[in-house]
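Chains A and B supply the protein sequences, listed in that same order. Per this note's numbering, the very first residue in the first sequence carries number 1; after that it's consecutive. Per this note's numbering, the very first residue in the second sequence carries number 124; after that it's consecutive.
Just so you know, these hints were derived from the structure itself, not from any lab. As the structure is a computational prediction, the values presented were derived from the model and not from experiment. Please note that a few of the clues may not be correct.
For lysine to aspartate or glutamate, the following DMTMM-like pairs were computed, each having C-alpha atoms within a straight-line distance of at most 20 Å [to be verified]:
1) B:Lys267 x A:Glu47
2) A:Lys59 x A:Asp121
3) B:Lys518 x A:Asp121
4) B:Lys267 x A:Glu54
For the chain B half of the interface with chain A, some residues (derived, Cβ under 7 Å), not all of them [as the list claims (entries may be wrong)]:
5) Leu209
6) Thr233
7) Ala237
The beta-carbon is built from N, C-alpha and C at its ideal position, and this holds for glycine as well.
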Amino acid sequence: MEHPFLPILLVFVMAALFTGAFLGLSAILGPKKPNPSKLSVYECGLEPVGDARERFSVKFFLIAMLFILFDIEVVFLIPWAVTYKGFIAEGMGLFMLIEMGIFMVILAIGLLYVWRKGALDWR
Amino acid sequence: MLVLILKILIPFLLIFNLLPLLIWVERKGSAYIQDRRGPNRASFFGIRLGGLLHTISDVIKLITKEDIIPAHVNKPFFILAPFLVLFVACVTYAVIPFAHPIEINGGIFTFQAADLNVGILYILAMSSLGVFGVLLAGWSSNNKYSLLGGLRSSAQMFSYEIAMGLALLSVLLLGGSLELSALIDDQTAAVWRWNFIRNPLAFILFLTAVFAEANRLPFDLPEGESELVAGYHVEYSSMKFAMFFMAEYAHMIVGSALITALFFGGWQVPFLSTEFLRTNAESGLFMVLLAHGVLFMIIGFFLLGKFKSGKYGDKRDYEVIVIGLPMTVIGLALGLYTLLHGSFQLGDMGRQVFAAVLQFGVFMAKILFFCWVFIWIRWTLPRFRYDQLMHLGWKVMIPLGLASVAGTAIVMVL
Numbered sequence: 001m002e003h004p005f006l007p008i009l010l011v012f013v014m015a016a017l018f019t020g021a022f023l024g025l026s027a028i029l030g031p032k033k034p035n036p037s038k039l040s041v042y043e044c045g046l047e048p049v050g051d052a053r054e055r056f057s058v059k060f061f062l063i064a065m066l067f068i069l070f071d072i073e074v075v076f077l078i079p080w081a082v083t084y085k086g087f088i089a090e091g092m093g094l095f096m097l098i099e100m101g102i103f104m105v106i107l108a109i110g111l112l113y114v115w116r117k118g119a120l121d122w123r
Numbered sequence: 124m125l126v127l128i129l130k131i132l133i134p135f136l137l138i139f140n141l142l143p144l145l146i147w148v149e150r151k152g153s154a155y156i157q158d159r160r161g162p163n164r165a166s167f168f169g170i171r172l173g174g175l176l177h178t179i180s181d182v183i184k185l186i187t188k189e190d191i192i193p194a195h196v197n198k199p200f201f202i203l204a205p206f207l208v209l210f211v212a213c214v215t216y217a218v219i220p221f222a223h224p225i226e227i228n229g230g231i232f233t234f235q236a237a238d239l240n241v242g243i244l245y246i247l248a249m250s251s252l253g254v255f256g257v258l259l260a261g262w263s264s265n266n267k268y269s270l271l272g273g274l275r276s277s278a279q280m281f282s283y284e285i286a287m288g289l290a291l292l293s294v295l296l297l298g299g300s301l302e303l304s305a306l307i308d309d310q311t312a313a314v315w316r317w318n319f320i321r322n323p324l325a326f327i328l329f330l331t332a333v334f335a336e337a338n339r340l341p342f343d344l345p346e347g348e349s350e351l352v353a354g355y356h357v358e359y360s361s362m363k364f365a366m367f368f369m370a371e372y373a374h375m376i377v378g379s380a381l382i383t384a385l386f387f388g389g390w391q392v393p394f395l396s397t398e399f400l401r402t403n404a405e406s407g408l409f410m411v412l413l414a415h416g417v418l419f420m421i422i423g424f425f426l427l428g429k430f431k432s433g434k435y436g437d438k439r440d441y442e443v444i445v446i447g448l449p450m451t452v453i454g455l456a457l458g459l460y461t462l463l464h465g466s467f468q469l470g471d472m473g474r475q476v477f478a479a480v481l482q483f484g485v486f487m488a489k490i491l492f493f494c495w496v497f498i499w500i501r502w503t504l505p506r507f508r509y510d511q512l513m514h515l516g517w518k519v520m521i522p523l524g525l526a527s528v529a530g531t532a533i534v535m536v537l
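So here's chain B without its partners, still in its complex pose (with noise of 0.2 Å):
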């Protein structure tokens, strides 16, 4: 029972730590984007993390504004419509496996929340109980933007939910199973069995359906502000407001890891399998622990670097030593003890965590990157038009996914 509150709580607190570090990377890459500096402002004594404090900064401000509920709302509604926005987003992660399982005395342990052997379903049913969230918010609201925002944006969920389904049945095709686990193992480490190479089609209509689920530029139409002003949460205020928000980071990175898990391997080490990472341990440990070791003092000597006596002339001046040196420090005693120490001796016990602890960096890399994805193509591209939305998504994404689905098929009966 412990073991199985730890396997909840651990992907959980991972997900919702990612949130703060996710917008903090939205906002210093917009900025580097648009040629801007920027958060840069908010510090604890003196130390800035180049911006980092100010996402926490956020969350204290909203949680202590007025919770304003507008006289006109329909109340229940209005307070459940964030709570079943945020409640969607929190639940899919799930059934998402995060490693191979090891044996434990005898046993198998699994490392996903919920080894359901219906987990792409779970997750197509939760990804659909979004729109509710989002009608409601739209309803409830009782203001003519929130109702247009909130129809458009169940419109458009739809419409790319489809599209999204599809997609999805190109993998349930060439895996053969509902579990995402299945499907992972499917995928091997070999990089040309992962499902982007094998049916690129259907890796570009998920990835847009992702996308659009996640109501993320080009699609975010629904709070098209030049037109409804904030689309479906006019209305809110404080941390009902902030709510959506965070629904929406935490969809980025549900959905990253889903495109992950499907698309790219899940937690495959590239062209490295489960038993040749765990014959071969014992120097990979060596490799991981000195290449640590090589990265924090590399970071650690760029901010000692950065250091420039007088370019404030206050505390603000040395915060880069502060970070600076204990990475440097932690770098050169990580490296000097591995290669001191020589050879490690692991039991067969610890080749199996060790990788399946390099899988789960592996995985997590993998989703970081798909976030960055995210925020790229955010900050890159503009926004369609409504009619060009609704174009794409039936007249284009669908044909394309039934092309997809059929091709799969008649290419693997061939």
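Pulled out of the complex, with its shape left as it was, chain A reads as follows (with noise of 0.2 Å):
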């Protein structure tokens, strides 16, 4: 009996041949031609001013940050998702809903907070 993720090695050596071949393909076909104006930064033909290495507007990083912390708590729900069924089997739903409610009552109020705060506003 192979290990179930072998199958999941193979897709990732093939998915990595293809997509390398694709790669080296384009490299090795196409003319190589290079010159300063096709080197330079792209544009729209006005003349660049300074490179991209910039500071950029707090709000991306403000957004991850709040989805890590989400996709954390549907992490955690995921577990409780699957065995919910079983639980109800064994006539235990009512007390799982209710754990869970708790969980999700307080990660509610969390986004509230953080909608009232104007986090979640893009201006």
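With the hints as a guide, dock the two chains, each given alone in a separate frame, to form the complex.
So, in structure tokens, the structure goes:
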């Protein structure tokens, strides 16, 4: 009996070969005639001012932080969701619902707090 | 081992042969939605296949174009980004079951590359990885348009991933398993047991989230041409540029497969269960073959009917005959053979294979339908503004997702 993740490994190898082949083919088959204007920044014909290594809006950072919080919430809910049906069959459904309901209400309050603080407003 | 390799290779080739077809459908579909003719010039010995060859000529053109790596980019990440984007799009299909498992010599043969017991988690993990490719592409290009496109795209994908996870949770509650095959089994062949009827809210949330994950209109802000030229792939050229688009279409196909598997009963044939198909395989085979014969003949006659002598005055006139005549002949032969043969005798194995093939066909039909929905919506709806996008993601989709999970749980316990 082979390991259940062996096919996944094979899929990874195959996908890497396939994708790598495309990268390699265009590098081999295409002509190579570089010149300064080809290698410059694409800026719709204008002279570029500085490069892109600049500060950007903190909003993006905030969204990333909130994403981690709420995605972890989803991850915590997954085991509960999968076993929920079994607990209902055992007659423990209401208990599980209330337990997870408390968790979800706390998170909903968190979302409401973030919302009221204006972190979700995009200005 | 050989069986395993075939199980991996066949769906992979299938998905990647759907890509050019889908691009063609998108071009033709958009053309007809916008009242144009669409691509119809590229030909191979005078046969144009209604513009299908344009896709192939595009691939050849893109591969033989100069692969420019601009002087100002971070080279390793610049090359890694398209690789990662396409790679992630290539690996997600592995856990999707294409038909009901069949029994061979006492062993069970599944129609999915990897029979993981955590299939859903695998899909979530892989679809999250897609963000890295986009972010790397945007950042390593060292171009302001790319940077903004990459940031927008990653923020958008993050936001909608939560809604996607919540919609998935509702399905997991109903199915009670992390295996896709178990979730499909749970939906059964009865249409009212399919999850889009049992939980329509989760279906709408999931559909929207898949659109946002695939960066398709109305969520294609990252490559909003009017603001950011082309977003995160401004600096890419040649095949690297095309790889982003291939990834987009691969995401469409895999996304459609997921929507089908999670909400539309996967490979379940509407109202016909696997047992029913197996017991009635003989009459079923008769009807399927006859229907295919008639279908081929209708398409063949339609094409032959379009023949008009001297329309162009060269060999283009005859292309409808070149395609239409074989189709008519094949359809006629298939229909006659079926009728003359009368009843078919199938062994136990044959019955199982018949059911599997039919289920596979139904699954593909559902996938193609959702691919068409992607294209249809793209050419019908206008693009969101970015603040509207974030508003929808955080203030509408996430509360609705929480409501969907809570609602499903409460209804289930009652």
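Against the structure, the hints:
1. B:Lys267 x A:Glu47: Distance ~13 Å between Lys267 (chain B) and Glu47 (chain A) Cα, so the pair holds.
2. A:Lys59 x A:Asp121: 9 Å, holds
3. B:Lys518 x A:Asp121: This hinted pair holds, its Cα atoms lying about 9 Å apart.
4. B:Lys267 x A:Glu54: Holds - the C-alpha atoms of Glu54 (chain A) and Lys267 (chain B) are around 9 Å apart, at most 20 Å.
5. Leu209: 5 Å, holds
6. Thr233: Thr233 (chain B) check fails; min Cβ-Cβ to chain A is 10 Å, beyond 7 Å.
7. Ala237: 4 Å, holds
Violated hint: 6 only; the structure is consistent with all others.
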